[in-house]
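**Q** These protein sequences, in sequence, are chains A and B.
With the first sequence counted from 1, adding 280 to any position gets you the numbering used here.
With the second sequence counted from 1, adding 280 to any position gets you the numbering used here.
It should be emphasised that the hints constitute simulated quantities derived from the structure, not laboratory data.
Do not take every clue at face value.
[As the list claims (entries may be wrong)] The list that follows gives simulated cross-link-like pairs (lysine to any residue, SDA-like), each with its CA atoms no further than 20 angstroms apart:
hint: 1; chain 1: B; residue 1: Lys293; chain 2: A; residue 2: Arg602
hint: 2; chain 1: A; residue 1: Lys293; chain 2: B; residue 2: Gly515
hint: 3; chain 1: B; residue 1: Lys338; chain 2: B; residue 2: Lys293
hint: 4; chain 1: A; residue 1: Lys393; chain 2: A; residue 2: Asp383
hint: 5; chain 1: B; residue 1: Lys437; chain 2: A; residue 2: Leu304
[As the list claims (entries may be wrong)] Rough simulated footprint, nothing fancy, chain A against chain B, three-plus residues with beta-carbon under 8 angstroms:
hint: 6; region: 281–290
hint: 7; region: 366–372
Backbone N, C-alpha and C define an ideal beta-carbon position, used for all residues, glycine too.
Number of protein chains: 2
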Amino acid sequence: MDVVLASHGGGGKLTEGLIKEVFLNKFKNSFLNEMEDSAVLEIDFERIAFTTDSYTVKPLFFPGGDIGRLAVCGTVNDLLMRGAKPLFLSASFIIEEGFRIHDLNKIASSMAKACREAGVEIVAGDTKVVARGEADGLFINTAGVGLVPKDVNISIKNAQPGDRIIISGTIGDHGMAILSSRNGFTFDPPVESDCGPLVGIVDTLNKFKEAVRVLRDPTRGGVAEVLYNISEASGVGVEIHEENLPVKPQVLSACNMLGLDYLQLANEGKLVAVVESSAADKILKAIKNCKYGHDAAIIGTTNDTGQVTVRTPLGTSRILSRPLGELIPRIC
Amino acid sequence: MDVVLASHGGGGKLTEGLIKEVFLNKFKNSFLNEMEDSAVLEIDFERIAFTTDSYTVKPLFFPGGDIGRLAVCGTVNDLLMRGAKPLFLSASFIIEEGFRIHDLNKIASSMAKACREAGVEIVAGDTKVVARGEADGLFINTAGVGLVPKDVNISIKNAQPGDRIIISGTIGDHGMAILSSRNGFTFDPPVESDCGPLVGIVDTLNKFKEAVRVLRDPTRGGVAEVLYNISEASGVGVEIHEENLPVKPQVLSACNMLGLDYLQLANEGKLVAVVESSAADKILKAIKNCKYGHDAAIIGTTNDTGQVTVRTPLGTSRILSRPLGELIPRIC
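Extracted from the complex, chain A is given alone in its bound form (with noise of 0.2 angstroms):
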């Protein structure tokens, strides 16, 4: 079995024998292997968060990452961007005729990587099967389940006029990667995509839980397509520095080669956070020493202007460019 057939996609023998070789073998537990319509499952709460993405990035390995573990970590990050603590995943697979099972293989085991790592299982799936040149190569769907403490209540409606922004680390990794491997072209030291799962810095950001207003991690449209709906669901005004935002030299300068806003770049390992200001010093120390944590900054505070704006380095205000449309297609 080398490559996948229309008939892995039929429901029959050869489908479950895919799913049992290529995807339950990694995605070990006890739910999945029920082959049951719907898994059951026991949590002790009231509420829980619920999200959904499916992911089409282009190529589907690229550096610092594969389309498997961009669908665990992006599903992961959006339920801990609502305070969540992530439990439980849904994997789909829309795959087209010859698609090589090696590749398969590596990406399923990408994903039970990064479940261990997100502390999460997938107990739910789905395979498809279209023919070849109906669908390019690869998609997968993620949903996700999590727990929402009794006392959590982020949400992107609670920005105050005074409150800090933090970015959790450099901001544009993720697009430029995906960008520069798409194209043939490379930095030294090499960009790296930086998706992985932010459990460790919301953990770290829930100690502080009075303080945190706001989380939302800037994946399509980036940091400024975040700022903007922060600014419209809270109804404030948001101005950001310039010089305090954290972003490596190549993606800087590939930036400024190629015309773009590194602002409106994709990240997937990155969140923005509101927080209050008198504890945003505290927050930042503490985030500062988390995994994936390391370069994050005060990027700077919420006003009661309405607009978003940029302070340069010489002390002028520009409106910020916010992201129309495409940048880049199949992102994630």
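Position chain B relative to chain A; hints supplied.
**A** Chain B only, in chain A's frame:
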């Protein structure tokens, strides 16, 4: 805005516009309008059912339904097959650039209507756009969360020798509807897909819950695959009686003509129930009074042979053929 553009997938203003105009309009609820990274849901329970399916059906519109109705009913039915009350769905769209907004609107409306019928809400979503030729029009993933009542214990493993097997209606309608619409042949009267939510039938079955052991919807792989699944998971034999199998005459004659086995055709609004024999007649009568249950029938019994067999009207018995692989690609 007539067709979907690549820039509709970029995560910026245009993505937001597409989501608001096409989806939020139809899937109206407070969770989606928040446009947060995850929906936070308050539910009072201890056990939830969680499932996912991607839908790649071709064509997107077929007699009796469309991909939207299918994507809602398929996932709702998978939750119901564990005895769960379906509550919340996510919906994720992978759209080929150039797809007509008019068709997307029709499909979203159809999803909203199916949700109302099933009593569920779409509370989380995602939209990705890929270039022309990178997907075949539209793929939809739905994941679902449902509440499992404390005293419900329905599982593919629960069948016991001597139980009765009930099918909730005519067999093979969805498969034949897709096949005929794809190949341009028509029936008089027409064969329509049975695509529908089984909420009413499962509500009724819950009144007999001590007697209901297994529920399974015979989608890909058809009734034949489900009978094999039950046999293997519960360690029982199954014998079905050919003369008791409900099948529309047009479906039967088309199967004979095309050399197909209707027991291997997909159904999208039917369930197979394994019930305690003493309650079978009462349960059958109750199902027959439900929407979508009019043609229900007791089709066989379980035994301790370990084999899955068909008894013919002549009194002879043969091993039921099990679907190996693809019978009809992209059936759901």
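**Q** Each hint should be assessed against the structure and marked as holding or not.
**A** How the hints compare with the structure:
1. B:Lys293 - A:Arg602: Given that 20 angstroms is the threshold and the Cα spacing comes to 8 angstroms, the pair holds.
2. A:Lys293 - B:Gly515: holds, 17 angstroms
3. B:Lys338 - B:Lys293: Violated, at about 31 angstroms.
4. A:Lys393 - A:Asp383: holds, 15 angstroms
5. B:Lys437 - A:Leu304: Holds. Lys437 of chain B to Leu304 of chain A sits at ~19 angstroms (cutoff 20 angstroms).
6. 281–290: holds (count 6)
7. 366–372: holds (count 4)
Of the hints listed earlier, the one the structure fails to meet is number 3.
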